Amino acid sequence: MISQIVSAVGVVIAGVFVCALYYWLSDRILQIVFPVPVDNVRSASVNLNRRAMVRPWLFLGPALILLVVYLVYPVVATFILSFYDRSGGNFVGLANYRWALQDAQFRQSIFNNILWLAVVPAACTFFGLVIAVLTDRIWWGNIAKSLIFMPMAISFVGASVIWKFIYEYRGGSETQIGLLNAIVQAIGGSPQVWISLPFWNNFFLMAILIWIQTGFAMVILSAALRGIPEETIEAAVIDGASGWQIFWKIMVPQIWGTIAVVWTTITILVLKVFDIVLTMTNGQWNTMVLANLMFDWMFRGGGDSGRSAVIALIIMAAVTPIMIWNIRQANKEMGGH
Amino acid sequence: MSAAASLRRIGLPRLIVHVSVLVICIIWLIPTLGILVTSFREAGQITASGWWTAFTGAAETSAARLGEPSTARQEGPNYVISGSVFEGGKGGTVRAFGTRVAAPTEFTAGQPADIGNGETLTINEDGSYTYSKNAPFEGRGKRVYLSVATPPSFTTENYRTVLTSQGIGQSFVNSLTVAVPATIIPILIAAFAAYALSWMEFPGRALIIALVVGLIVVPLQMSLIPLLKMYNEIGNFFGVSSRSYAGIWLAHSAFGMPLAIYLLRNYISGLPREIIESARVDGASDFEIFVKIILPLSFPALASFSIFQFLWTWNDLLVAMVFLGTGKDQLVLTGALNALLGSMGGKWEILTASAFITIVVPIIVFFALQRYLVRGLLAGSVKGG
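For the record, the sequence lines run as chains A and B.
Read in order, the letters of the first sequence are residues 1 to 337 in the numbering used here.
Read in order, the letters of the second sequence are residues 1 to 385 in the numbering used here.
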C-alpha cells in the first residue's frame with residue numbers, strides 16, 4: 001500500500017513534468033526549426049509567421065488528440081457497431097434496432113427514463129427555486145444553502161447507501177430501523193419494501209437524485225435572482241403587486257434563460273443516470289434505465305456490442321437537441337464579441 | 001438593495017420563512033446524519049433500534065434462562081426460584097419481558113405477571129426476578145425474553161473493521177491514485193488549449209470551439225464500447241493488462257476535457273487584452289506569456305475546474321468499473337462500496353462506516369473550497385443562458 005502511494009505520487013510528478021516538458025520542448029523546437037535571424041528581416045518575418053501558424057496546434061495538440069480518441073472516434077465507432085453483431089465482426093443491418101423495439105426490458109427502460117426525465121429536472125428546478133427565494137431572505141441563508149448544496153459532493157453510490165438505509169425494511173416483528181418505515185409505522189401504516197414496490201420504486205430512486213441535484217439548481221437560480229434589476233421590482237411594488245405576483249410575473253420571467261439552463265443540465269445528467277440504479281436495485285423490479293441496460297449488455301454473456309451500441313445511441317439521440325442548442329448559443333456569443 | 005431584499009418587505013411573514021428553511025435543512029441533512037450516527041453504533045444496537053434513538057439509549061431484545069428447578073425453594077404452598085437475569089452477562093435496565101420470542105414486551109418490568117400454568121414471574125428493572133409456581137418445577141430452567149434498555153454507547157470499531165478487513169483502506173489509496181493525476185493532467189492540457197483558443201489566431205478556431213461545446217454533453221456511454229475494445233487490443237498487442245491506472249487517467253482526462261476547455265476559455269478570453277499585448281511587445285513568447293501571466297491570473301478558474309474534476313473522478317463508478325476492473329485490489333472506493341452492498345447487504349455497521357469513508361474526502365473538499373465550486377458552476381451554466 002505504501003509503495004502504491006509512493007508510485008502514485010511519483011506518477012503525478014512525472015506526469016506533470018512530462019506535460020510541461022512537452023509544451024516547453026515543442027516551443028523550443030519551433031524556435032530552432034524557424035529561426036529568426038537578426039540580420040535578415042525578410043526571413044525573420046516569414047519564420048515568425050510560420051511559428052504563429054504552427055504554435056496554436058502545438059498548444060492544442062494533446063487536447064485535440066484526447067478529444068478525438070476518447071470522444072469523437074468512439075461516437076462514430078459506436079454508430080457503426082450498432083449495425084454489427086454481438087462481437088462486432090458481422091454486419092447485421094438493422095437487426096439490433098429491431099431487437100430493441102421488441103425487447104420488453106428495453107421498452108421498460110425507455111418508459112422509466114421518460115418518467116425520470118419528467119420528474120427529476122422539474123422537481124430539482126422547483127425546489128431549487130423555492131429554496132433560493134427563501135434563503136435569500138434570511139441572515140443565515142448562506143449556511144442553509146451550504147447544507148442543501150452539500151449532497152452534490154457525495155457520490156451517487158454513497159448517496160445510494162444513505163438512502164437505502166432510509167428505505168430499509170425489516171420483516172416480521174423486528175424493529176424498523178429504516179427512517180421511512182419507522183415514520184410510516186408511527187403514523188399507523190404498515191411497513192413496506194419500498195425499493196421493490198412496483199412502479200413507485202422508481203420514485204424512491206428519483207428522490208436520491210433530487211436530493212443531490214436540488215442544491216445545484218438552488219445555487220445557479222439564486223445567483224440569477226440576485227442579478228434581477230432592482231427597478232423592475234420597485235416598479236411592481238409601487239403598482240401594488242403582491243409578493244406572489246412579483247415572484248411569478250416579474251422575477252421568474254427574467255430568469256427564464258437560467259431556468260432553461262438548469263433544466264437542460266439536469267436533463268443530461270438524468271439521461272446518464274447509472275450508479276443509483278445499479279446500487280439500489282441493479283435494474284430489478286422494473287427499475288431498469290437505458291444507461292444500466294447498456295452497461296448490462298456490454299458484459300452480459302460475454303458482451304453484445306451491437307445491442308449495447310444501439311442503447312447508447314438512443315441516449316445520444318436524446319442529448320443531441322440540447323447539444324445543437326448549446327453550440328448555437330456559443331456561436332452567437334462569439335459573434336457578439 | 002437586492003431584488004430579494006426588496007421582496008423581503010412584502011411577501012410572507014418572516015417567521016414562516018425561517019421555519020420552512022429550517023425544516024428543509026433538516027430534511028436535507030437527516031439522511032447523511034443517519035449513516036454518520038449509525039457508523040458509530042455497535043452492530044447489535046443498530047438492528048435493535050433506529051439510529052434516532054442512539055442518544056437516548058436503545059431497547060435491545062435479549063434472552064435469558066431462569067434458574068434450574070433444582071434451585072427452587074419452598075415458601076408455603078409455592079415453589080420459588082429467584083436470582084438475576086443478568087448473571088454472567090452485561091447489565092442494563094429491564095423495561096419489559098415476555099415468555100415468547102415474538103412478544104418480548106408482553107409484561108412490564110416490576111409487576112408480577114401471570115404466565116399461565118399456575119406460574120407467576122416478576123422481573124424487576126435491575127434484573128432480579130422471582131419465579132413462583134403452585135407446584136414443583138419440572139424440566140430445565142425457563143427461557144424468558146427481555147427488552148433491555150442499554151445506555152447510549154458509541155464505538156469506532158466499525159471503522160477499524162472496514163479499513164483493515166474489508167479492503168476499504170486499500171480502496172481509499174486506489175481512489176487517490178486515480179483521482180489526483182486524473183485531476184492535474186487535464187488541467188494542464190486544457191489550459192494550453194484554452195489559451196490557444198482565446199488568444200491565438202488560426203484557421204478552424206471557431207470550428208474547434210463548436211466541437212468542444214458539442215462534446216460537453218456527449219454521454220459517456222457512447223465512448224465505452226469502442227474504448228474498451230481499443231484498450232483490449234492495445235493490451236493484447238503489448239501483452240499487458242488492458243486495465244491500468246494510466247488508462248483510466250487518460251480516460252478521465254479526456255472525458256473532463258471539453259468542460260475544462262470551455263470553462264478555462266471563458267475565463268482566459270476575458271482577461272484584459274492590454275496585459276497580453278504589452279507582454280508580446282516586450283518580446284515574450286506565447287509559452288512565456290502562458291506560464292508567467294495566464295496561469296497565475298487564471299487561478300480561480302483552474303481551482304473551480306480542479307474541484308469539479310476531483311469530485312467527478314473520486315465519485316465516479318462507471319469509468320472505474322469499465323477501465324480499472326472489479327478485482328478486489330483494483331476497486332476504487334465507490335466500487336468497493338457497491339461490492340459491499342451486494343455482499344454485506346443488511347450489515348449496516350459495515351456499510352455505513354464504508355459509506356462515510358467514501359464521502360468524507362469530497363465533503364471536506366466541498367466545504368473548504370465551496371467558493372470556487374460555486375464560481376465554476378456559475379461560469380459554466382449562467383453564461384449559456
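Hints were generated in silico from the structure; no laboratory data involved.
Wrong hints could be hidden among the right ones.
As the list claims (entries may be wrong) - Pulled a few chain B residues facing chain A out of the computed Cβ check, cut under 10 Å:
| # | residue |
| --- | --- |
| 1 | E75 |
| 2 | W249 |
| 3 | L271 |
| 4 | I275 |
| 5 | L297 |
| 6 | W314 |
| 7 | G342 |
Being a predicted model, the structure only gives us computed values, none of them experimental.
We treat Cβ as the ideally placed atom computed from N, Cα and C, and that holds for glycine.
Quick rundown of the hints versus the structure:
| no. | hint | result |
| --- | --- | --- |
| 1 | E75 | violated (36 Å) |
| 2 | W249 | holds (7 Å) |
| 3 | L271 | violated (14 Å) |
| 4 | I275 | violated (18 Å) |
| 5 | L297 | violated (17 Å) |
| 6 | W314 | holds (7 Å) |
| 7 | G342 | holds (9 Å) |
Of the hints listed earlier, those the structure fails to meet are numbers 1, 3, 4, 5, in rising order.
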